[in-house]
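A.B. asks: Chains as they are written, first to last, in my numbering: chain V, 1 to 162; chain S, 163 to 882; chain D, 883 to 1003.
Because the hints were derived from the structure by calculation, they are not lab data. We put the beta carbon where it would ideally sit given N, CA and C, even for glycine. Worth double-checking, as some hints may not be accurate.
Cβ-to-Cβ under 7 Å is the rule here; a few derived chain V residues that face chain S [as the list claims (entries may be wrong)]:
id, residue
1, T49
2, L51
3, P52
4, H53
5, P55
6, V61
7, N63
8, P70
9, I96
10, T100
11, T132
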Amino acid sequence: MTDMTNKNQGRPTADPANARELIAFRMGAQEFCVDIMSVREIRGWTKATPLPHSPPFVRGVVNLRGTVLPIVDLAARLGFAGAEPTARHVIIVAQIGTQTIGLLVDAVSDILTLAEDLIQATPEVASEMAKTFVRGVLAVDQRMISMIALDHVLPADERDAA
Amino acid sequence: MAAIKQTFFQECEEQLCELETGLLAIDDGDTDSETVNAVFRAVHSIKGGAGAFSLEELVQFAHVFESALDHLRAGRLAPSGEVLKTMLRAADMLADLVRAARSDSSVDTASREELANELRAFDPHEPSKGSGQGIQASEDDDPDIAGFEPVPICLDDLGTELHSIQNRFLIHFTPKPGLYAKANETALLMRELSKLGEIQIICDYSHLPLLDELDPEHSYLSWTVELTTVHDETAVRNVFEFVEWDCELDIQELDPEAAPDDEAITALIREMQATVEADLAARSDPQVASVPASAAEPPATAGNPAMSQRGKQEMATAAQATIRVDLDRVDRLINLVGELVINQAVLTQRVFEAGVARASGVATGIDELEQLTREIQDSVMAIRAQPVKSVFQRMPRLVREVAALTGKKVRLVTEGENTEVDKTVIEHLTDPLTHMIRNAIDHGLESPQGRVAAGKPEEGLVRLSALHRSGRIVIEVSDDGAGIDRTTVKAIAAAKGLISPEAALSEEEVDNLIFLPGFSTTSTVSDISGRGVGMDVVRRSIQSLGGRISIRSKPSQGSTFTLSLPLTLAVLDGMVVTVADETLIVPLSAIVETLRPKADKVHGFGGNAMVIAIRDQFVPLIDVGRELGYRAKDTDPCASVVLLVESEGHARNALLVDAILGQRQVVIKSLEANYRHVAGIAAATILGDGRVALILDTDAVVAHWREVATDFEEPLAAAG
Amino acid sequence: MSKTILTVDDSRTMRDMLKFSLLNAGYHVHQAEDGVHGLEVLRNVTPDVIITDINMPRLDGFGFIEQVRGDGFYRAVPILVLTTESDAMKKDRARRAGATGWIVKPFDPVKLVEAIRRVAA
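Can you build the whole structure from these sequences, using the hints too?
C.D. replies: Following this line, the structure appears as structure tokens:
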């Protein structure tokens, strides 16, 4: 488990009522974050068992204490190239609806507690990718952190005909 | 109370089941009096409970049914086929009423009343009532219902002093020995009387003999009580309700105003009062007038709590041949045991890898651990194993209904109802079985006239059986009807574009066409077999359980559906293989044999296909690595291992894998839970090294391969 | 000092209802599923009152009462029968078998307690 330091970067901590707690992480050169409510745990990377006929961003499945956990390469999912995962990468175990999945990212950078109103609208230059996944951006310490919603991370269910 | 109501409905289901089973047995010739008693009790029980919850419709019907059954058990009504038919229909109606009560809906009154009238007609004493009688379903209809009333309400205890009129009664009460033999107590009766008003009691013990002549079981005493009360005589008699027959009881109403010459009596009464009250006090401990045994009974208060404690424990152990367990707990236990199995495998592997196994103690220990784990697993699985009976017993009613709807005569024979299957599988059996049985009756069996014309008995036979075979459960549904009309089936399949019109198919292949999606022999969707819910849906649901379904048919003789399912959805016996550096599990039940192909047996075929000659058959070779997308190029068959697998319809195919690592029992982990269905993959498992391995769905792999290879169908069939 | 009641009835629903009403009235309750079971329970429990159904498998109410009345230790325990009928014949038979009194089903919890008090000290 990664050690997590809570640095609020000198931002005034918002009153709990409309504060969001977020986990920030890095993929490539960019930074993203997700609502901590969806995050179950953070794990080191282990080699996944590949799944046949799956989209390239689904790396395979790993064993999470007896449960089969699919690993989604989040960078690839978001549309930009991810590097080959190594032991230095990190898996964020997240709950989406009734399913638990693992998000492959480079590293976790922060835990932030911010007021809701500090979340800015997504910039208009956004790509398709952004429109699907990004719910807003944060400016923290001259870093731009894109907030991601996980709902569509898994591929839509298209069952083959029997 | 809501919880008890739930219990009641659960119990009703059990009683309904007993009822049906019993009636069927009687219909079959069972003459044991206990059977008919059990049937009576079942309806009686339902009636009793229904009354407690004021489920009027249910109570009334149950009452009529119970009366009819009473005639049956008393021998006043003969259990003829006609009678039993009506009883069975009544049982169905009762079941409908129970379910309607449970879901707060209602059942058609007319049909209910009609059936009730048929039941009433069984009463040997009363001529059958005309249909006119049946319309009112209210209390005045059946005289017996009027007797079904609670004990008359006694307003005494409400303490209403509405009328200030005081009544005076003179009560003479002489108990007979029988009163005490029934554990009634005069003292208690007097106490109850005293609640009604003011009493003065005189006890006459003039007949009491000397002690050495005293028979403790005899009765020598009598009492005279003067009671002043606001209540009426009925209330007074009520107190003596239980003992009426065991005493001499005389109640006279006295003038409210005591007549002057009663004063003497009144004085006498008061005089004796003191003596009597002392006497009464002595009697409060049930000593003198009661049977000796009771003296020993209550005063042992110190002893009692200890005894009730022990009593409870002993009762608890004695009563437990079975216990009820929360299903959640069992499921949790099974999951944990599954984890234990994995853990044990991981441990074993690590121990061997660490080379520690050389130490003899360790190896033995590991072996024992594996033994124990397996035993625990088997035991735990057995907890959830249930006989298929629970599914099978819904079928008789289904058969009755479908037979009635289609105007056919059907007899259902079941076998192997005690064959056990894991609960997870049982739940999924009902729908497929229902479809198949409906199908058998609707499409399989001919009409009674048709059967007679064909030289068959009017009554068609549907057989439902279950048995264990090579680690699976095999369920068969067969009928002795006309069998599959292959010409029609082929024509329809061709017309729907499911096969090419010139395709040369074996008889078996034609039969299995009915499993293709979009296939349905009736142009109008038969309401019975369900809105176009065809056999393809049935097959898919069976397959999703890891099962197989196939059909055999002989024209004019009948058809047999065979369902094969794993015994449990939780664990699988598998062969561990490698394909393109990935480890896969192939269910052992699918594998017929394994072999190493020799170059001279392998032949190219058509464009890219390959076949292998196995004995005198040519079997298609399927490269699993390519099928799953692990590899882009074909692998060399001669450097691989062939797993000969058999899918539904008994078709055989040869799967090519790189190597066989061994056989294992694996715990099945769902892929769908956190991801979704993956083509060609049934599920996943966790191996000894902690990694996830996929479990191959051989049927799906074969099916997909065949789809792609359709243009080879004809020549392949010709070659095979 | 509350009294102990033994209820004997093959219907789970009825047992639950009796237990519910009796516990509410402050009695201790033991239960049995039929006559044979009732006799077994009696080996370890000494109730102040027995309440029994009539229609039961293995040993019915009549048989059960006769056995109890024939037992040296228990012959004086008050026994109330549960009956769905105020049918005079059934009541009479129960009485002749030795029942102390009866309660008609569906029972009113108040009546139940009254009947108990009428027969138990």
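A.B. asks: Taking each numbered hint in turn, which are not upheld by the structure, reported in ascending numerical order?
C.D. replies: Numbers 5, 9 and 11 - these are the hints that the structure violates, sorted from lowest upward.
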